[in-house]
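**Student:** Input sequences plus hints: build the corresponding full structure.
This is what each chain is made of:
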Amino acid sequence: MTVTTEPPAPPHRGRPDADPAAPAAPAAPGKAVADATAGAPAPAPDLDELAGLRTVPARHPWRWALGIAALVVLAQFAHGLATNPGWDWATFRIYFTADTIVQAVGRTLQLTFYGTVLGFLLGAVVAAMRLSRSPILQSIAWAYVWVFRSIPLIVQLVFWFNLSYLYKRFGFGIPFGPTFGDFETVGVLSALGAAVLGLGLHQAAFAAEIIRGGVVAVDAGQREAAAALGIPRWRQAWRIVLPQAMRGILPAAANEVISLLKGTSVVYVMAIGELFYQAQVVYGRTGRVVPLLMVATVWYVLLTTVLSIGQYYVERYFSRGSQRSRPPTPLQRARAFVRSLPARPAPARTPDTRTTGGRP
Amino acid sequence: MTTLAKTDPAARPAGPDPAAAPVVRVRGLRKSFGQLEVLRGVDLDVPAGSVTVVLGPSGSGKSTLLRAINHLERLDGGHVSIDGELIGYRRVGDRLHELREREVLRQRTGIGFVFQNFNLFPHLTVLENLVEAPIAALRRPRAEARASALALLERVGLADKAAAYPRQLSGGQQQRVAIARALALEPKVLLFDEPTSALDPELVGEVLDVIKDLARTGTTMIVVTHEIGFAREVADTVVFMDGGVVVEQGPPAEVLDHPRHERTRAFLAKVL
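Heads up: the protein sequence lines correspond to chains A and B, in order. Quick note: the first sequence uses our numbering, first residue 1, plus one each step. Quick note: the second sequence uses our numbering, first residue 1001, plus one each step.
Take these hints with a grain of salt, some might be off.
[Unchecked claim] For the chain B half of the interface with chain A, some residues (derived, Cβ under 8 Å), not all of them:
no.	residue
1	L1072
2	L1105
3	N1117
4	N1119
5	P1122
6	A1136
7	R1167
8	L1185
[Said to hold, decoys possible] Heads up, simulated SDA-like pairs for lysine to any residue below, C-alpha to C-alpha not over 25 Å straight-line:
no.	chain 1	residue 1	chain 2	residue 2
9	A	K262	A	D88
10	B	K1161	A	Q323
11	B	K1161	B	E1144
12	A	K262	A	V301
13	B	K1188	B	R1155
14	B	K1161	A	G221
15	B	K1161	A	Q222
16	B	K1188	A	Q222
17	B	K1188	A	Q236
18	B	K1161	A	S325
19	A	K262	A	Q280
20	B	K1161	A	Y317
21	B	K1161	A	R223
22	B	K1161	A	R316
Think of the hints as simulated: they come from the structure by calculation, not from any bench. Please read these numbers as outputs of a predicted model, since none were measured by experiment. Glycine is no exception: its CB is placed at the ideal position from the N, C-alpha and C atoms.
**Tutor:** So, in structure tokens, the structure goes:
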């Protein structure tokens, strides 16, 4: 900053002689300033004179060049997708909505759903044990996470599939005491049951750590305030701590659900008719590998997209109170934009949709 | 049980009744964190309807004393009783049994606590913050809890903020909500742990005004603070702590203007 000697002379930033825009504004006579940094007296721009001038935004030629180059590469790839006969889009169209494939998508969703429910329920129990004050429960929970994080999912699945080799019969009763009823393991644990069990147990180890991470991240003052108010312990956990922990849990949990969705493809080793297995069966029969891999890929991407949108709204729900005002959803933003369209006389400049979208 | 929130200010005499039995009694309180002995035998009596202001340098054990009174800290020695009820223990014959958490939580509903950094529940609205404990801990009907919460918000001047989330409020407003939240349980005593220390200077006044108003209506309070002016104006008793013990206590005119102990004089010389 320079120091002005006369009150009417406006201050300016930097060295005017180094600024190519500066000579455009000639200094009025008698309004010279003593420029402490430049040493030599320099003409000061008259700010009043600048008022009516048009502002030219700075140009970024390299930004444009790189952007266009990237678009060209993308276009080339898209062109290849459309024209390379190897992709065989005709076959893709036939099988994308074929009954066997749609049924297989259902099976994949079923595995994901049961795996998620079992995984997160058990994970919540393990996390609660790990956070409890009982050293015995803490140790058991730690050991569970240690074991099930260590075993590769595929190894575990094959293990469960062969459970009937280890335990022929399976009974309910008093530990080390009499049993009230027992079943043949083969009958109780189908391939699908074994797969859900394997996925769920594997998922629970990761879910437990995610939930625990979310809970320990909640400010200790929150639990203290709840305790000082005499709020019962389960209610402290359920009403005060967990809703706040959810903000930390959700992004990681959504990651886990999505990787479980894709991870169900591993159960093809148990010959369960999920998406990837079914795709393999079809291309084994028809020899059209690439289009069927694309069928599976596009289905996985679609399902993940749905989950990601769900994640956005669940996270938004749990973010209440975390900001002074919540930003609008993309949908609200789009609606506000559409509403603003007829109100504008000319399509000259697009108004910032964020400001019209309800953000104060 | 005194229902403080509903008392008509005019019906109560200003200041404590000297004949009243102490609501809070503290005897020989000791507490260590590892090697550090934070409380080294603290005795304190707080009469019903009186305001006790605890002063002292940082690390003197003021906050720990408050946290020990409502059993947020487990004691290493000594006892606390509130309204004749032993806190944290039950006497059976010649033994003291440590209470289970559920019972301690029930006892805490009779002790209001206001934290330095408010500790409002950020995911709940102001009104939800206020009704949470009466519904969950005292099993009040929701409608009744709501009505008295709105009355309390009116009292701290925030009736229009019932639907706001805590982060939408200023620090001073948040602390007033926290005071209303503590009052919602109609406690026998209110403990304030440096209620204005996290506030910008221009917001301190509004919080102190609420506390002064409570003092006028005869709420029993223990206030840990650095606001000497507030102590002089509101306190019935000023307690000066240093090194984990009560160095001296008495009326503010005595302790603040004519301190008998060198340590009190040195402290006051620094803060006044």
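**Student:** Hint by hint, note whether the structure agrees.
**Tutor:** We went through each hint and held it up to the structure:
About 6 Å separates the beta-carbon of L1072/B from the nearest beta-carbon of chain A, less than 8 Å, and the hint is met. The closest approach between the C-beta of L1105/B and any C-beta of chain A is roughly 5 Å, which is under the 8 Å cut-off, so the hint is satisfied. The restraint placing N1117/B at the interface with chain A holds, with a minimum CB-CB distance near 6 Å, inside the 8 Å limit. Restraint check, N1119/B versus chain A: the minimum CB separation of about 4 Å is within 8 Å; hint holds.
Restraint check, P1122/B versus chain A: the minimum CB separation of about 5 Å is within 8 Å; hint holds. Annotation: interface hint on A1136/B holds; nearest CB of chain A at approximately 5 Å, less than 8 Å. Taking 8 Å as the C-beta cut-off, the interface hint given for R1167/B holds, the closest approach to chain A being about 6 Å. Interface restraint check: L1185/B against chain A, minimum CB-CB distance 7 Å, threshold 8 Å, status holds.
Between K262/A and D88/A the CA atoms are separated by roughly 24 Å; this keeps the pair inside 25 Å, and the hint holds. Taking the CA atoms of K1161/B and Q323/A, the gap is near 16 Å; set against the 25 Å cutoff, the hint holds. Proposed proximity of K1161/B and E1144/B is supported: the alpha carbons are some 19 Å apart, at most 25 Å. Distance restraint check for K262/A and V301/A: the Cα-Cα separation of roughly 10 Å lies within the 25 Å cut-off, and the hinted pair is therefore satisfied.
Proposed proximity of K1188/B and R1155/B is supported: the alpha carbons are some 18 Å apart, at most 25 Å. Our distance criterion of 25 Å between C-alpha atoms is met by K1161/B and G221/A, whose separation comes to about 23 Å. A distance of roughly 21 Å separates the Cα atoms of K1161/B and Q222/A; the hinted pair therefore holds under the 25 Å criterion. Distance hint between K1188/B and Q222/A is fulfilled; the C-alpha atoms sit about 23 Å from each other, no more than 25 Å.
Of the pairs offered as hints, the one joining K1188/B and Q236/A holds, with about 23 Å between alpha carbons and a cut-off of 25 Å not exceeded. A threshold of 25 Å between alpha carbons decides the hint, and for K1161/B with S325/A the separation of about 15 Å falls inside it, so the pair holds. For a cut-off of 25 Å, the pair hint linking K262/A to Q280/A stands: about 15 Å separates their Cα positions. Between the alpha carbons of K1161/B and Y317/A the distance comes to roughly 21 Å, so the proposed pair stays at or under 25 Å and holds.
For the hint pairing K1161/B with R223/A, the CA-to-CA distance comes to about 24 Å; that is within 25 Å, so the pair holds. For the suggested pair K1161/B and R316/A, the alpha carbons sit about 22 Å apart, so the restraint of at most 25 Å is met.
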